[in-house]
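Chemist: Those sequence lines, one after another, are chains H and W. Note that this note's numbering has the first sequence beginning at 1, numbered continuously upward. Note that this note's numbering has the second sequence beginning at 1, numbered continuously upward.
Among the hints, a few may not be true.
[To be verified] Below, a list of computed lysine-lysine pairs in the DSS-like style, where the Cα atoms sit at most 27 Å apart:
#, chain 1, residue 1, chain 2, residue 2
1, W, Lys221, H, Lys70
2, W, Lys70, H, Lys66
3, H, Lys66, W, Lys68
4, W, Lys68, H, Lys70
5, W, Lys217, H, Lys70
6, H, Lys66, W, Lys64
Worth flagging that the hints you see were computed from the coordinates, not collected in a lab.
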Amino acid sequence: MTVAQWPLSVLDPANPSAWAHHQFLGMLITVDGVDGSGRATQLDLLETWLRVEGYGVVRTSWNSSKLVAKTIAEARRQRTLTARTYSILHAIDMAERQETEVIPALRGGYVVLADRYVCTAFARDIARGVDSDWILNLYRFAVRPDLSIYLRIDAETSISQVMGIAGEATIAEADERAGVRGQLGTFFQFQERVIAEYERLIHPFDMVPLNAREPIRRQQLELRRIVGGMLERMDRP
Amino acid sequence: MSSRTAAAEATDNTPSILPGKLLVIEGIDRSGRSTQVQLLVEWLRHNGIEPVRTDWSTSPHISKAIHKAKAAGELRPITFSLFYAADFTDRIANVVVPALERGQIVVADRYVYTAFARDIARGADPGWLETLYGFAPAPDAVFYLRVPPSVTRQRVPSTPVKAIDRYEAGLDLGLSVDPGESFQIYQQRVFDEFERLAREYQFTVIDGDQDVDAIAKVIRKRTRSILDRPLTD
Numbered sequence: 001m002t003v004a005q006w007p008l009s010v011l012d013p014a015n016p017s018a019w020a021h022h023q024f025l026g027m028l029i030t031v032d033g034v035d036g037s038g039r040a041t042q043l044d045l046l047e048t049w050l051r052v053e054g055y056g057v058v059r060t061s062w063n064s065s066k067l068v069a070k071t072i073a074e075a076r077r078q079r080t081l082t083a084r085t086y087s088i089l090h091a092i093d094m095a096e097r098q099e100t101e102v103i104p105a106l107r108g109g110y111v112v113l114a115d116r117y118v119c120t121a122f123a124r125d126i127a128r129g130v131d132s133d134w135i136l137n138l139y140r141f142a143v144r145p146d147l148s149i150y151l152r153i154d155a156e157t158s159i160s161q162v163m164g165i166a167g168e169a170t171i172a173e174a175d176e177r178a179g180v181r182g183q184l185g186t187f188f189q190f191q192e193r194v195i196a197e198y199e200r201l202i203h204p205f206d207m208v209p210l211n212a213r214e215p216i217r218r219q220q221l222e223l224r225r226i227v228g229g230m231l232e233r234m235d236r237p
Numbered sequence: 001m002s003s004r005t006a007a008a009e010a011t012d013n014t015p016s017i018l019p020g021k022l023l024v025i026e027g028i029d030r031s032g033r034s035t036q037v038q039l040l041v042e043w044l045r046h047n048g049i050e051p052v053r054t055d056w057s058t059s060p061h062i063s064k065a066i067h068k069a070k071a072a073g074e075l076r077p078i079t080f081s082l083f084y085a086a087d088f089t090d091r092i093a094n095v096v097v098p099a100l101e102r103g104q105i106v107v108a109d110r111y112v113y114t115a116f117a118r119d120i121a122r123g124a125d126p127g128w129l130e131t132l133y134g135f136a137p138a139p140d141a142v143f144y145l146r147v148p149p150s151v152t153r154q155r156v157p158s159t160p161v162k163a164i165d166r167y168e169a170g171l172d173l174g175l176s177v178d179p180g181e182s183f184q185i186y187q188q189r190v191f192d193e194f195e196r197l198a199r200e201y202q203f204t205v206i207d208g209d210q211d212v213d214a215i216a217k218v219i220r221k222r223t224r225s226i227l228d229r230p231l232t233d
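The following block holds chain H by itself, in its conformation from the complex (with noise of 0.2 Å):
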């Protein structure tokens, strides 16, 4: 019979820069950032060249487990829940991934690539009014990154990005993600304020920024150049 373990709490709210390293094989790598800064595309270049050189590579993503997919999804529409419920939501989605896809993986010594991590929860939900203590307590199970990247972009970028990718309605939709309950105001102005929470969690989590302004190959280069030299530390193949 398996037993269940509760995960071990790592995270101090009051100290996230003592956030103990994991011990397993594998390395993770966590890609943050607001929608429209590029994610999918730097990971997806990443993961490639991952391959290439020989790493076996597990992809995560946010708000992917099928144990609370529909629930976010029914609520999101609805917008019935309230930012905690929501978050608690997430971190359920969080916990699920992490026990069934990533700690295995890097039990097994797999390069996990994560898009998005805790800092999208706690950006988002901060700018939406969620006290800070309370979000950072609620992912005290989670696994330390052994590299966070955060791609850096401007509100307006980031949106006509969105844009040039699904056309207006994602827009409209946009504004009902970021309005929990639609109290919030227009999406520009909630993104304004994500993008703020995160330049405020850069240093306590140790994210390394990336300008998702550069043309794609550029960043490319840089994220490959950070992450080979830390492969290269690890002394892997």
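Assemble the complex: chain H is given as a structure, and chain W must be docked to it using the hints.
Modeler: Okay, now just chain W, sitting in the frame of chain H:
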């Protein structure tokens, strides 16, 4: 007067003093809790008071997902805990706080203490839970029906249970391969935790191993003094 929060640290902008009253009934599974909740609600109605009742795991947005995940046996200690926290948070925001703000009486079948007891029995850190649930308004009374697991084990569950509930028996924790034994060990852990919480949060402790009317009488007496009204039996 709900002037404190249920846990040690207040982390919300919930008004510190709400005009309503919050009455909580706690106890382990099969302690007679639901019966007493029902009796208290009926008695208040009989006295012309329409209370707002809130039961554990009944948020229309969350509870369906919990039941589905439980039925599939998919929950781990952390996701089990967070699902109930989401359900609780939703009920606090949409049921409990609005009712207390309107000055109504809220009767809660289980509160943060059930989450504390179960999660700590599953290995959670108490400090983590106190902050997680720190926004909840503090009850005006917590009636704790004390019945040890050696007694509840003999009782027939009030709602039909298909075989044995995997989580109610702590089978997810690998305490024992025998469901009966696992139930006993897990319920004992939860009971021990309730006993500790009873001291820490000054519950009104009621011997739950006496007849239903005797228990109801104790609850009514204390409720009268909290509401400061002469209510008839």
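Chemist: Determine which of the earlier numbered hints do not hold for this structure and return their numbers in increasing order.
Modeler: Checked against the structure, the hints that fail are numbers 1, 5, while the rest are satisfied.
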